[in-house]
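Enquirer: Sequence:
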Amino acid sequence: MKTNTNRIVLIYVFTLIIVAVAGHTLFYNYFLDFSSKPIFEYLYIKDFLFVAISGLILKIFLRQNKLKNKSVFEKLQRTNLEIKESNERYDIVAKATSDTIWDWKMEDDSFVWNKGIQGIFGYKKEDVGKTSKWWFDRIHPEDSLKMSVKLYSFLEQKTEKWQDEYRFQCADGSYKYVFDRGFLVKDANGKSIRMIGAIQDVTKQKEEEQRLRLLETVITESKDAVMITDIDISENEIPNIIFVNSAFSDMTGYAADDVIGKSPMMFFGKKSDIFEYDKLKTAIQEYKECLVETIFYKKNGKEFWVNFSMIPVTNKDGEHSHWVSIQRDVTEEKIKEKEREQLIRELTQNNKDLKQFSYITSHNLRAPLSNLTGLLNLVDDITIEDPELKEIIDGFSKSTNLLNETINDLVKVIIIKDNPSIQKEKVLIKEVFENVFNQLSFLISVHKPILKIDLEDVSILEINKSYLESIFLNLLTNAIKYKAPIRQLKISIATKVEDDNLIITFKDNGIGIDLDKNKDKIFGLYQRFHNHPDSKGLGLYLVKSQVESMNGTISVSSIVGKGTTFTITFKYN
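For what it's worth, the working numbering labels the leading residue of the sequence shown as 424, then goes sequentially.
Don't read these hints as lab results, they were simulated from the structure. Treat each hint with caution, since some may be false.
What the hints assert, rightly or not - Label pairs and their computed distance ranges (CB to CB):
| # | residue 1 | residue 2 | range |
| --- | --- | --- | --- |
| 1 | I665 | N924 | 36 to 46 Å |
| 2 | H745 | D696 | 17 to 27 Å |
| 3 | K849 | L714 | 39 to 49 Å |
| 4 | E769 | L714 | 25 to 35 Å |
| 5 | K821 | G984 | 41 to 51 Å |
| 6 | Q487 | V572 | 57 to 67 Å |
| 7 | D877 | K985 | 19 to 29 Å |
| 8 | T705 | K847 | 42 to 52 Å |
| 9 | L637 | K722 | 26 to 36 Å |
Unchecked claim - Here are the simulated DSS-like pairs of lysine-lysine, each with C-alpha atoms no more than 25 Å apart in a straight line:
| # | residue 1 | residue 2 |
| --- | --- | --- |
| 10 | K813 | K725 |
| 11 | K538 | K556 |
| 12 | K985 | K944 |
| 13 | K693 | K725 |
| 14 | K528 | K584 |
Where is the CB? At the ideal position from N, CA and C, for every residue including glycine.
Using the sequences provided together with the hints, build the complete structure.
Expert: Here it is, written out as structure tokens:
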């Protein structure tokens with residue numbers, strides 16, 4: 424650059440010298456005579472000095488201009504470098520950020536998107552539109568109007584900044600929640616010519632926000648008391664409260680301002696369970712969930728039973744951040760529980776007293792009944808001619824036998840109730856029925872019922888054999904005893920295995936039972952449903968007791984005038 428300056432100055436000086444010499448020569452030859460030579464020399468010297476001085480001035484001017492140009496050039500270089508670095512930063516940020524960056528040139532409505540529109544929303548490059556219409560068309564219809572009003576208000580400079588949340592359509596037709604911010608670029612006259620923005624996908628945050636809002640609603644509106652504490656136990660063994668819902672205030676009488684910043688230790692008192700307190704304290708120290716039930720005290724000093732859990736809560740990094748406690752006032756349940764326990768104690772004692780009474784009664788009655796039966800047997804051997812006396816003695820004998828049977832049945836019931844653990848054995852159902860059939864052979868031959876027996880599906884059952892015989896005997900006897908007088912008796916006995924259960928059914932076409940009146944009394948003690956002379960009201964009670972002692976169940980269905988069906992279910996082994 425320095426060489427070029429010197430060259431320009433030399434050319435300038437040399438050109439001026441030539442012009443000066445030529446001019447002086449022409450002037451000397453045509454206008455001056457030889458006698459004027461000194462004047463000519465003077466002019467010559469003067470011009471040479473002028474040329475030299477002007478050349479020096481030119482050199483200085485060119486040097487200053489060169490320095491100025493150098494400064495401008497360096498400034499341009501720095502500006503280009505800054506632009507280059509800015510573009511590089513933009514490219515890096517565009518690649519690193521999860522935002523979708525857009526550039527809207529308003530004069531020609533041209534729209535440019537970065538690659539975020541493809542990566543985040545799933546559009547192919549060729550599917551992305553080049554105008555603002557493509558952008559607006561993909562805003563959810565429910566959000567479009569609100570967003571457009573806010574945007575154009577900003578473009579008309581009625582608002583200082585523009586940012587909005589709306590739903591933007593993805594390539595697959597679904598929508599994502601986005602947070603969009605835009606910045607205006609203006610020309611020298613202040614006219615908006617360009618807008619640059621960034622769209623951030625906030626779908627997960629929005630869903631989390633909605634979930635938290637729902638949880639907040641659940642907590643605040645919950646009928647159970649909710650208390651949240653921090654985790655700091657440096658001052659108190661139980662950390663301080665940071666939130667309580669309205670149900671908590673209703674339960675304790677304390678407003679939120681009364682308890683926030685204080686430890687739940689304030690609710691414990693002299694009747695609170697120290698062991699439950701220690702359990703709570705240990706759980707908090709070990710960050711473990713626990714369930715506590717103890718007495719708390721309300722603001723007015725009134726005590727109440729509370730059942731509450733303490734559950735540790737962790738943040739997204741898995742670090743313990745809070746405790747959440749769900750609390751319920753269980754005072755009424757505690758009162759009912761005590762009443763129930765007292766009732767159970769009373770019933771247990773009454774049951775013991777009744778058993779003792781039954782034992783004593785059956786024992787004390789057995790001896791006189793045996794003597795009375797023996798005397799009646801002796802009377803049977805004596806010929807009594809007086810018909811009235813014979814009738815009295817026969818009635819007396821019949822009543823004595825009935826009383827003896829009743830006491831025997833009562834003894835059986837006592838034995839069943841007093842021995843919940845009974846001996847079980849493998850029994851062939853068919854053999855049990857055959858034994859019962861043989862015992863009732865005379866009764867069957869007299870009434871001649873039509874029997875339908877289907878016991879082939881079941882072979883062996885783990886059960887008490889004598890109880891099963893008694894059940895069969897009672898049900899068959901009842902079927903014969905309560906047969907319909909207008910038709911022949913039909914009895915159906917069947918067994919089947921269903922879902923690991925043995926089901927035994929006894930069905931007859933007898934006179935039936937009115938279940939609308941007697942459903943709750945059907946298996947009760949001393950319940951009689953027909954005026955049969957031999958009915959004692961013990962048979963079905965005894966059957967149910969024996970079935971349940973073998974962990975079985977029995978049910979009944981009956982229609983008056985059509986018959987009755989008993990269904991017995993045992994676990995099949």
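Enquirer: With reference to the structure, classify each hint as holding or not holding.
Expert: Hint-by-hint comparison with the structure:
1. Between I665 and N924 the Cβ separation comes to about 55 Å, which falls outside the hinted range of 36 to 46 Å.
2. At roughly 25 Å, the beta-carbon separation of H745 and D696 lies within the given 17 to 27 Å, and the hint holds.
3. For K849 paired with L714, a C-beta distance near 46 Å keeps the hint of 39 to 49 Å intact.
4. Here the CB-CB span from E769 to L714 is close to 31 Å, well matched to the stated 25 to 35 Å.
5. Taking 41 to 51 Å as the suggested C-beta distance range, the pair K821 and G984 does not conform, at roughly 30 Å.
6. Hint check: Q487 to V572, Cβ distance near 59 Å, so the stated range 57 to 67 Å holds.
7. A hinted range of 19 to 29 Å for the beta carbons of D877 and K985 is consistent with their spacing of about 21 Å.
8. As the Cβ distance of T705 to K847 is approximately 47 Å, the hint placing it in 42 to 52 Å holds.
9. Checking the proposed 26 to 36 Å range against L637 and K722 shows it holds: the Cβ atoms sit about 31 Å from each other.
10. A hinted pair counts as satisfied when its Cα atoms are at most 25 Å apart, and K813 with K725 does not qualify at roughly 78 Å.
11. Straight-line distance between C-alpha atoms of K538 and K556 comes to about 19 Å, which keeps the hinted pair within the 25 Å bound.
12. Of the supplied pair hints, the one linking K985 and K944 holds, its CA atoms being roughly 20 Å apart against a limit of 25 Å.
13. Only pairs whose Cα atoms come within 25 Å are accepted, and K693 paired with K725 is accepted, the gap being roughly 12 Å.
14. As the CA atoms of K528 and K584 are separated by approximately 18 Å, the hinted pair is consistent with the 25 Å bound.
In this structure, the earlier hints numbered 1, 5, 10 are contradicted, and the remaining ones agree with it.
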